[in-house]
Amino acid sequence: MKVDRTKREKRPGAALIAIVLVGFLVLSLVSAVVISIAWNTLRVEAWQTEQIEKIRLDYLARTAAKAVTDELTADPDNFGILNRNGIVSQPKVITDGTFSATVEITIKGDDQRANVVAKASSAKGGSALVRTTIDLTTTPKTVTWSAGN
Amino acid sequence: MKRHGGIFVEVIVSILLFTVGILALTGTLFYGVKMVAQSREETVKEQEYKNLVENQILGIIREPSPALSGTPLAADQIIINSKAVPFTLYRYKQEGKEGTEIYLIKRGSTP
Chain A
1 MKVDRTKREK RPGAALIAIV LVGFLVLSLV SAVVISIAWN TLRVEAWQTE QIEKIRLDYL
61 ARTAAKAVTD ELTADPDNFG ILNRNGIVSQ PKVITDGTFS ATVEITIKGD DQRANVVAKA
121 SSAKGGSALV RTTIDLTTTP KTVTWSAGN
Chain B
1 MKRHGGIFVE VIVSILLFTV GILALTGTLF YGVKMVAQSR EETVKEQEYK NLVENQILGI
61 IREPSPALSG TPLAADQIII NSKAVPFTLY RYKQEGKEGT EIYLIKRGST P
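The listed protein sequences correspond, in order, to chains A and B. For the first sequence, the positions run 1 to 149 when this note's numbering is used. For the second sequence, the positions run 1 to 111 when this note's numbering is used.
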């Protein structure tokens, strides 16, 4: 910032004010950049937490579906005669430390095929759904996996 | 009466302030480089952990009785139409990092 020499000589504090103002401006810019970086870091961390929660529920649903699918593959009438209305499990609450999730299994089908739907939902509001379809007419029985609604 | 050495003191103070500033900047630079290096290591560790859990899931799906490396928690069961499906819950955690726990269910004997 250029300060007129005659003015500066008349007012000796003008240069100092200019320096202070420029310093203030630079510091404000640096602070804005730092705050922006911190804000973005917080956003990324929140996103990562959300992602790990999704993965956690998805893996729980996948492995729960696998356990029930194995039971059904071994004996299709293990849980009673399969029907299209569905056989629903009792909700299973899984807790460990601060983590808590509920796993629910629904089995639908007939004598040709069976559908196992495993739903894992957390107290935080997220959920994951995994479905297996067992072809009961083939030997060995084939299982098709799918995820989502 | 003239005061000798006034400018000398001013120069010394300004050099001192300048040095403090430069040291702070250098510190920031080194910290940044360190963070980048740490971040690389962290990403590799994270990926290895995810691969391990994925492999364990594949083991559960493909093998009849896979050996799992996670920590087994208490055995439990899911009740479907009054029939019990016994299982054991396994916990996985990335070493030294909180909030990375992942849980897998393995079909098992009745508790």
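Just so you know, these hints were derived from the structure itself, not from any lab. Ideal placement from N, C-alpha and C gives every residue a C-beta, glycine not left out. Any given hint could be a false lead.
As the list claims (entries may be wrong) - Simulated pairs of lysine-lysine, DSSO-like, Cα-Cα distance not exceeding 27 Å: (1) K97(B) x K83(B); (2) K124(A) x K93(B); (3) K93(B) x K54(A); (4) K34(B) x K54(A).
Stated by the list, open to error - Per the computed footprint, the stretches of chain A lying under chain B, defined by three or more beta-carbons under 8 Å from a beta-carbon of chain B, are: (5) 14–27; (6) 31–44; (7) 50–57.
Quick rundown of the hints versus the structure:
{"no.": "1", "hint": "K97(B) x K83(B)", "result": "violated, 38 Å"}
{"no.": "2", "hint": "K124(A) x K93(B)", "result": "holds, 20 Å"}
{"no.": "3", "hint": "K93(B) x K54(A)", "result": "holds, 16 Å"}
{"no.": "4", "hint": "K34(B) x K54(A)", "result": "violated, 31 Å"}
{"no.": "5", "hint": "14–27", "result": "violated (count 0)"}
{"no.": "6", "hint": "31–44", "result": "violated (count 0)"}
{"no.": "7", "hint": "50–57", "result": "holds (count 3)"}
Of the numbered hints given earlier, the model fails hints 1, 4, 5 and 6; all others are met.
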